[in-house]
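Using the sequences plus the hints, can you model the full thing?
Protein chains in written order, with our numbering: chain A, 8 to 214; chain B, 8 to 214.
Just so you know, the hints here were simulated from the structure itself, not pulled from any lab data. The structure displayed is predicted, hence computed values, not measured ones. Think of the CB as a built atom: it goes at the ideal place given N, C-alpha and C, for glycine as much as any other residue. Relax, there's no trap hidden among the hints.
These stretches of chain B come out as covered by chain A in the derived footprint (C-beta under 8 Å, 3 or more residues):
1) 16–22
2) 30–39
3) 66–72
4) 150–160
5) 186–195
Just so you have them, the derived chain A footprint on chain B, three or more residues with Cβ under 8 Å:
6) 49–62
7) 75–83
Heads up, incomplete: computed chain B residues facing chain A, CB under 10 Å, no partners named:
8) D46
9) D106
10) I119
11) M138
12) T140
13) F141
14) N142
15) Q146
16) R204
17) E209
2 protein chains.
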Amino acid sequence: MSVDTESPVRLPHLDENGRAALFTEARTANAFTAEPVPDETLRAIWELAQWPPTAANTQPLRVTYVRSEQGKERLLPLMAEGNRPKVESAPAVALLAVDLDFHTHADRTFPIRPGFRESLDGQGREGREQMATFNATLQIGYFLLAARAHGLATGPMAGFDAEAVTAEFTPGGRYRTLLVVNLGHPAEDAWFDRLPRLETDEVLTFA
Amino acid sequence: MSVDTESPVRLPHLDENGRAALFTEARTANAFTAEPVPDETLRAIWELAQWPPTAANTQPLRVTYVRSEQGKERLLPLMAEGNRPKVESAPAVALLAVDLDFHTHADRTFPIRPGFRESLDGQGREGREQMATFNATLQIGYFLLAARAHGLATGPMAGFDAEAVTAEFTPGGRYRTLLVVNLGHPAEDAWFDRLPRLETDEVLTFA
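Here it is as structure tokens:
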């Protein structure tokens with residue numbers, strides 16, 4: 008092999024155990040044991056999830072961890088009825104929201120493009136919404152795998168009153184709740200049967 | 008510890024090497040060596056990325072891998088000028104698009120909710136767009152980490168003419184391109200300095 012095609016940097020692969028923990032064996036859990044998830048673990052999930060990329064380092068995801076009785080009582084009536092028993096059984100629930108004013112941090116987070124903050128400021132929340140939501144949603148993908156990396160089962164739920172959850176936990180117009188995720192240790196009957204994935208050739212095209 | 012708080016299932020953690028490969032040490036690459044990425048690796052990335060969850064198992068992400076000279080020539084003029092040298096150096100480029108007609112697979116992918124496909128069909132592409140884009144974007148998060156799991160550096164790019172890329176590679180109105188991602192082995196000068204992340208307390212709230 009010539010020097011031209013030899014990579015000067017060899018990146019590591021994820022081993023079989025790691026693939027199983029995050030991808031191939033991990034499953035969405037629908038019931039949890041009473042074993043608590045310490046706040047240090049909830050912080051550590053974020054400290055892992057923060058690293059993968061966002062456009063122009065915008066990092067628009069914000070997380071509210073609900074784990075007190077009072078917090079659960081505020082959240083439960085805003086969830087779809089079918090999701091309430093799952094939320095009740097989860098020792099911690101993450102409310103994942105986008106910060107539409109993410110640009111206020113841009114002088115610090117993206118100093119390499121002067122005028123970036125001012126340009127986003129001029130767009131208003133509506134103008135920033137697509138960029139913010141796209142990048143916050145990427146971060147939700149990272150967050151789910153980071154929670155699994157800490158040995159937790161995740162239970163993402165789209166069935167909730169998003170406007171009501173936002174108004175209750177992050178009011179004022181700056182935030183929009185995108186997803187609610189149960190976190191904890193799976194109960195014995197936590198899993199449904201795995202649903203089928205599309206055939207690879209239904210997803211991939213080569214050009 | 009009582010039986011009540013003892014979890015019957017202990018999930019694995021991701022070890023330090025795995026965290027480094029996917030999260031803490033991995034970096035966005037801006038230049039690549041000429042070492043090719045075999046089609047089998049490109050398929051294997053998808054076969055890992057397919058597993059984490061989407062709402063109602065919708066799986067709306069579609070991937071076009073561009074790695075031929077002809078494919079690169081069709082793509083290059085549609086990229087922002089600053090991204091062209093990166094695309095030129097990458098041995099493979101993934102065009103990540105959402106399939107707004109994802110529901111056509113629903114009888115097979117989500118058989119547990121009869122009438123789901125019909126209900127989505129009635130909404131039209133515009134009505135399905137938010138659900139489709141949110142879940143495809145989650146899958147892009149999984150995809151980026153799955154590419155890293157295979158020892159590749161990723162270079163996601165938002166700077167391109169999305170309508171033109173869609174029209175060139177996946178025309179007809181069914182697809183929308185969301186992100187273009189370079190894949191390959193990093194050249195020696197592949198990385199910028201790491202940009203700062205927000206403080207954990209700027210992101211997390213506890214309730």
